[in-house]
Amino acid sequence: MLARYIERSDTAYPDVEASLEAGKLKRTKLLHGCLNSLRAMDAAAVSKSTAEFLKYYLKSEFDSSGIATLFSIEGTIVWHVAQRAGLEITGLSDKARAMIITRETLGIDA
0 MLARYIERSD
10 TAYPDVEASL
20 EAGKLKRTKL
30 LHGCLNSLRA
40 MDAAAVSKST
50 AEFLKYYLKS
60 EFDSSGIATL
70 FSIEGTIVWH
80 VAQRAGLEIT
90 GLSDKARAMI
100 ITRETLGIDA
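The sequence shown begins at 0 in numbering that gives the first Met the number 0 and counts up one residue at a time.
Treat the hints as calculated values from the structure; they're not laboratory data.
Check the hints yourself; a few may be wrong.
As the list claims (entries may be wrong) - Computed list of lysine-lysine pairs in BS3-like fashion (alpha-carbon distance at most 25 angstroms, straight line):
1) K94 x K25
2) K94 x K54
3) K23 x K54
4) K28 x K58
5) K47 x K23
6) K94 x K47
7) K58 x K25
8) K47 x K28
9) K25 x K54
10) K47 x K25
11) K28 x K94
12) K58 x K47
13) K23 x K58
To be verified - FRET-style restraints, in silico, Cβ to Cβ:
14) A17 x T89: 27 to 33 angstroms
15) T75 x D14: 25 to 31 angstroms
16) A17 x D41: 33 to 39 angstroms
In this text, a Cβ means the ideal position worked out from N, Cα and C, and glycines have one as well.
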């Protein structure tokens, strides 16, 4: 569903777009930046917005209790959608990269 959302223009979901833009939560705004970068097929912007989101995630949510402390579900989704679109996310710190579930982080040969 996320891939379909990203592939469509921002006019396809005006209520969702308006809600995301009006939101006050930093997490929501950072994820919206990731989605817009993916929609624009801009690898540099995807890398930057994903790095910003994961930096925020590590700072604000990493130490909370629960499964979310092991990885970032949203970061993982953004990474995989970018890969599917042929965009490479670069410039992530080792700590941020470890928050994304990939075959590599799971120890599975690609």
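What are the numbers of the hints the structure violates, in ascending order?
16
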